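Asker: Given the structure of chain A, go ahead and fit chain B onto it with the hints provided.
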Amino acid sequence: MPPGESLEAISSAPLRLSVSDEPVREILTFALNGEAFGVPLTQVLEILGVRSITRVPRCPEDVVGVCTVRGELVTVVDTRRRLEPGAPRAQNRGRILLTSTADGEKVGLLVDEVLGVQRFSQAQIEQTAGVLVGDVSSHIEGIARKGTQVTVLVNLASLTS
Amino acid sequence: MNEGGDKARAEFLSEAQELVENLSRNLLSLEQGRAGGGRVDPEHLNEAFRSVHTLKSLSGLFGDKHMSQLSHRLEDLLDDLRLGRQNLSDAVLDLLFTSVDVYWQILTSNDPHQEHRGVQEILERLEKLAPATASEAGDLENYEIDQGLLAVLTEYEEHRLLVSVKQGLELYLVRVQFELATLDKALTEIKDKAKPFGEVITYLPAGEAASPELIELDLLLASANPLSDIEGALAGPRSTVRQIQRRKRPTRASKALPRPQPPRATRTATAMPTEGTTAPAAGADGTEAPPADAAPLGGGLLRSVSQTVRVDIHKLDELMNVVGKLAVLRGGLMELTDKARSEGHRRFASQLWQLSHKFERSLRELQSGILEVRMVPLAQVFERLTRIVRKTGRDLNKDVRLVVTGAETEIDKLIVEELSDPLMHIIRNAIDHGIEDAEERKRIGKPAVGTIALNAFQKGNHVVIEAEDDGRGLNSDSLLDRAIALGAIAEDEAKELSRADALNLVFLPGLSTRDKPSAVSGRGVGMDVVKTNIAKLGGSIELESEPVIGTKITLTLPLTRAIVTALLVQVGQGMFAIPLTSISEVNALEESQIRVIDGTEVLSRRGSSLELCRLRQLFQLSADDEPARQYVVEVMAGTRHLGLVVDALSGQQDIIIRPLGRSLNSVRGFSGASELADERIALVLDPGALIEEAGAGNTRERGGRIRAAG
Numbered sequence: 001m002p003p004g005e006s007l008e009a010i011s012s013a014p015l016r017l018s019v020s021d022e023p024v025r026e027i028l029t030f031a032l033n034g035e036a037f038g039v040p041l042t043q044v045l046e047i048l049g050v051r052s053i054t055r056v057p058r059c060p061e062d063v064v065g066v067c068t069v070r071g072e073l074v075t076v077v078d079t080r081r082r083l084e085p086g087a088p089r090a091q092n093r094g095r096i097l098l099t100s101t102a103d104g105e106k107v108g109l110l111v112d113e114v115l116g117v118q119r120f121s122q123a124q125i126e127q128t129a130g131v132l133v134g135d136v137s138s139h140i141e142g143i144a145r146k147g148t149q150v151t152v153l154v155n156l157a158s159l160t161s
Numbered sequence: 162m163n164e165g166g167d168k169a170r171a172e173f174l175s176e177a178q179e180l181v182e183n184l185s186r187n188l189l190s191l192e193q194g195r196a197g198g199g200r201v202d203p204e205h206l207n208e209a210f211r212s213v214h215t216l217k218s219l220s221g222l223f224g225d226k227h228m229s230q231l232s233h234r235l236e237d238l239l240d241d242l243r244l245g246r247q248n249l250s251d252a253v254l255d256l257l258f259t260s261v262d263v264y265w266q267i268l269t270s271n272d273p274h275q276e277h278r279g280v281q282e283i284l285e286r287l288e289k290l291a292p293a294t295a296s297e298a299g300d301l302e303n304y305e306i307d308q309g310l311l312a313v314l315t316e317y318e319e320h321r322l323l324v325s326v327k328q329g330l331e332l333y334l335v336r337v338q339f340e341l342a343t344l345d346k347a348l349t350e351i352k353d354k355a356k357p358f359g360e361v362i363t364y365l366p367a368g369e370a371a372s373p374e375l376i377e378l379d380l381l382l383a384s385a386n387p388l389s390d391i392e393g394a395l396a397g398p399r400s401t402v403r404q405i406q407r408r409k410r411p412t413r414a415s416k417a418l419p420r421p422q423p424p425r426a427t428r429t430a431t432a433m434p435t436e437g438t439t440a441p442a443a444g445a446d447g448t449e450a451p452p453a454d455a456a457p458l459g460g461g462l463l464r465s466v467s468q469t470v471r472v473d474i475h476k477l478d479e480l481m482n483v484v485g486k487l488a489v490l491r492g493g494l495m496e497l498t499d500k501a502r503s504e505g506h507r508r509f510a511s512q513l514w515q516l517s518h519k520f521e522r523s524l525r526e527l528q529s530g531i532l533e534v535r536m537v538p539l540a541q542v543f544e545r546l547t548r549i550v551r552k553t554g555r556d557l558n559k560d561v562r563l564v565v566t567g568a569e570t571e572i573d574k575l576i577v578e579e580l581s582d583p584l585m586h587i588i589r590n591a592i593d594h595g596i597e598d599a600e601e602r603k604r605i606g607k608p609a610v611g612t613i614a615l616n617a618f619q620k621g622n623h624v625v626i627e628a629e630d631d632g633r634g635l636n637s638d639s640l641l642d643r644a645i646a647l648g649a650i651a652e653d654e655a656k657e658l659s660r661a662d663a664l665n666l667v668f669l670p671g672l673s674t675r676d677k678p679s680a681v682s683g684r685g686v687g688m689d690v691v692k693t694n695i696a697k698l699g700g701s702i703e704l705e706s707e708p709v710i711g712t713k714i715t716l717t718l719p720l721t722r723a724i725v726t727a728l729l730v731q732v733g734q735g736m737f738a739i740p741l742t743s744i745s746e747v748n749a750l751e752e753s754q755i756r757v758i759d760g761t762e763v764l765s766r767r768g769s770s771l772e773l774c775r776l777r778q779l780f781q782l783s784a785d786d787e788p789a790r791q792y793v794v795e796v797m798a799g800t801r802h803l804g805l806v807v808d809a810l811s812g813q814q815d816i817i818i819r820p821l822g823r824s825l826n827s828v829r830g831f832s833g834a835s836e837l838a839d840e841r842i843a844l845v846l847d848p849g850a851l852i853e854e855a856g857a858g859n860t861r862e863r864g865g866r867i868r869a870a871g
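Protein chains in written order, with the working numbering: chain A, 1 to 161; chain B, 162 to 871.
This is chain A alone, in the form it adopts within the complex (with noise of 0.2 Å):
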């Protein structure tokens, strides 16, 4: 194949779909205690394997501890026990998906399993803000719905701050 067409067959790929209707969301899904929570895929630098994590010794009960990625100090955020607080403790299992806050610093989520990647059109995704009250419901941003599936999609700033 000439390499000029196929250029043109990858450059027209996304126009179509812009074309179609309203924008769509790429969503990285992960699972907790069966669950499936969301986070914009954008957000998300890297996702790590099972790694050793260092405890720290009187951190707050959602910290799992540190680990280190090339050289760089994480901090690994027990994502359930934010989300769920009194939820019982993360084991050093699962996935890390690594994230980067405002400020610059490196912030771990442990989750138990990556699902993948949904896109979801701005009409599957319900707003929750102001629904839903409690600590917990800052965290959320809201639901986004495929059928019978949920997600919750989680604000990224408010659960690594």
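Calculated directly from the structure, the hints in this document are not laboratory data. Check each hint, because a few of them may be wrong.
Computed cross-link-like contacts, DSS-like style, restricted to lysine-lysine with a CA-CA straight-line distance of at most 25 Å [stated by the list, open to error]:
(1) B:K486 x A:K106
(2) B:K486 x B:K500
(3) B:K217 x B:K327
(4) B:K476 x A:K106
The structure displayed is predicted, hence computed values, not measured ones.
Answerer: Chain B alone, transformed into the frame defined by chain A:
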């Protein structure tokens, strides 16, 4: 703005900062020169002029309007000063110091287009400055001086000559022969030799050299010394000294010096007073002074004198990170060596061992090289403080003298940067709250001028900075009252506090010794903030104060934070690092030596007692796997000590401390974490914070609640 522009601006700012510092330094020297006998070294004026001149071109280049305007005016003023068209009065000196402050204002604001209140004000003040024409009618007619030589003098040189003559100095003409090839060096040498005797007003080619490789110069020297001294110092096989004779009686020669050019037109030639004043026209007839840049001798001088490069400190941090990674690699190499040995590859193992040791040695060299580059003298921050003392003293109408020793003591650049605020606070407090006003000082028989002594020195791996004032000292009763009012201590506790403990209350948040806030140091005083900031640098702060005699604050700081040697210890399953600089002793724990006083475990030996902190308990680990033999690591912060009980010692290692993330901000007792050579992570213990938390030292036994408040 694009990244390149940002970078260029950052470089501009850093260069401008250096120039302003240089200006400030020379102004201070001028002021000291005046205070100490009225003689002003013209070199300081020239240096100040040069800094401002460079600032002018630099700010013009970068479109910094304010800095450019200010520099322009200042350059005129400094030029007038060095040409004697303006007197260096108190008012002028004040104006110059204010302009340094305005420069800082401009430099520290991020927005180059922001309007600064100070700029307009100082421009107006500079404008208003009356051009006081200093009388300097020194009588040149009394000297047998060659008119041809006079004709080629620049305005500045002429001014210096007149000043010298007015002082009644002798004039000498030193004729020297140099090889053209080494002219620069030889010229500097002879100028240095002449400097102790007087001032080299100018040097001109004499044009009588014996060969084309040689050049002959005449140096005009003004000195108070007799001919024999000058000959002794400067005469040699290639140089002769001739005294310019004074005339017996005044002739009726021309009153004024011949001026080859109108004064303003000589600006270009005088812009760089020492580098640019070489006039080549030998035996010039007085009709024309050629522009300085046409000087054949100037070529060598155009080369950059400086051999230094400017480096962003964060680049050095990055390099240090690479050192850290190399250390991890070395760990792997060592491991491989052990493995090879244990598997019987003895020759291979020994080669590997040698290699890894060479590697280690080079790594250490690299590391210490980077550390050395990071070191800067404390003078950088001390100079700013001298200005603060000047300004604060004036604002409060108090006469205060700052005596600095040990400004050459070196410390990590990043620490110097962070020291500025705390030291400023301490000094301001000393002037505002410590030093009494002149009347009160006189009444109690103290010298009218208050003294603040700033003393720095290196002590092992630490730098100690002492700030001592001869003021009224802290009032412990009023500190106690405030602490009680704040609810930090109970009244009955207050009665039992020793004076030293009561003084330490000054570090409690929100405690002020003044009822009314002042514009200078405010109400909160902020000693708690000072303490926190010093602790963040890994340092400690101590305070001693005697009523009427004064207050002394001692800061103890690590030399660097970039890399520290640490003792690795084990507690439970975890590995922890303790900076070696804060360890005074390590011993096996002898349970028999432990006594319990007021519910606190104390180790007593050799007549002293040491409070213990069992890290297992602090970290809430179960006692099940506690080893039979434990160790006590005695750590210190300033003069306070604490014994940390650990399970095992695991050797030393150089570590790079990384701060813990914000999610862990609330966790006390750690200054960060570090990746070890075996890729494990060790948390770095913060002895200062642990001592603080334990309330160890003297506060613990008596005033337990102070801990909670702090």
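Asker: Please go over all the hints and tell whether each is borne out by the structure.
Answerer: Hints versus structure:
Using a Cα cut-off of 25 Å, the hinted pair K486 (chain B) and K106 (chain A) holds, with the two alpha carbons roughly 19 Å apart. Distance restraint check for K486 (chain B) and K500 (chain B): the Cα-Cα separation of roughly 21 Å lies within the 25 Å cut-off, and the hinted pair is therefore satisfied. Taking the CA atoms of K217 (chain B) and K327 (chain B), the gap is near 33 Å; set against the 25 Å cutoff, the hint is violated. Straight-line distance between C-alpha atoms of K476 (chain B) and K106 (chain A) comes to about 20 Å, which keeps the hinted pair within the 25 Å bound.
Figure legend: structure checked against the earlier numbered hints; the only hint not met is number 3.
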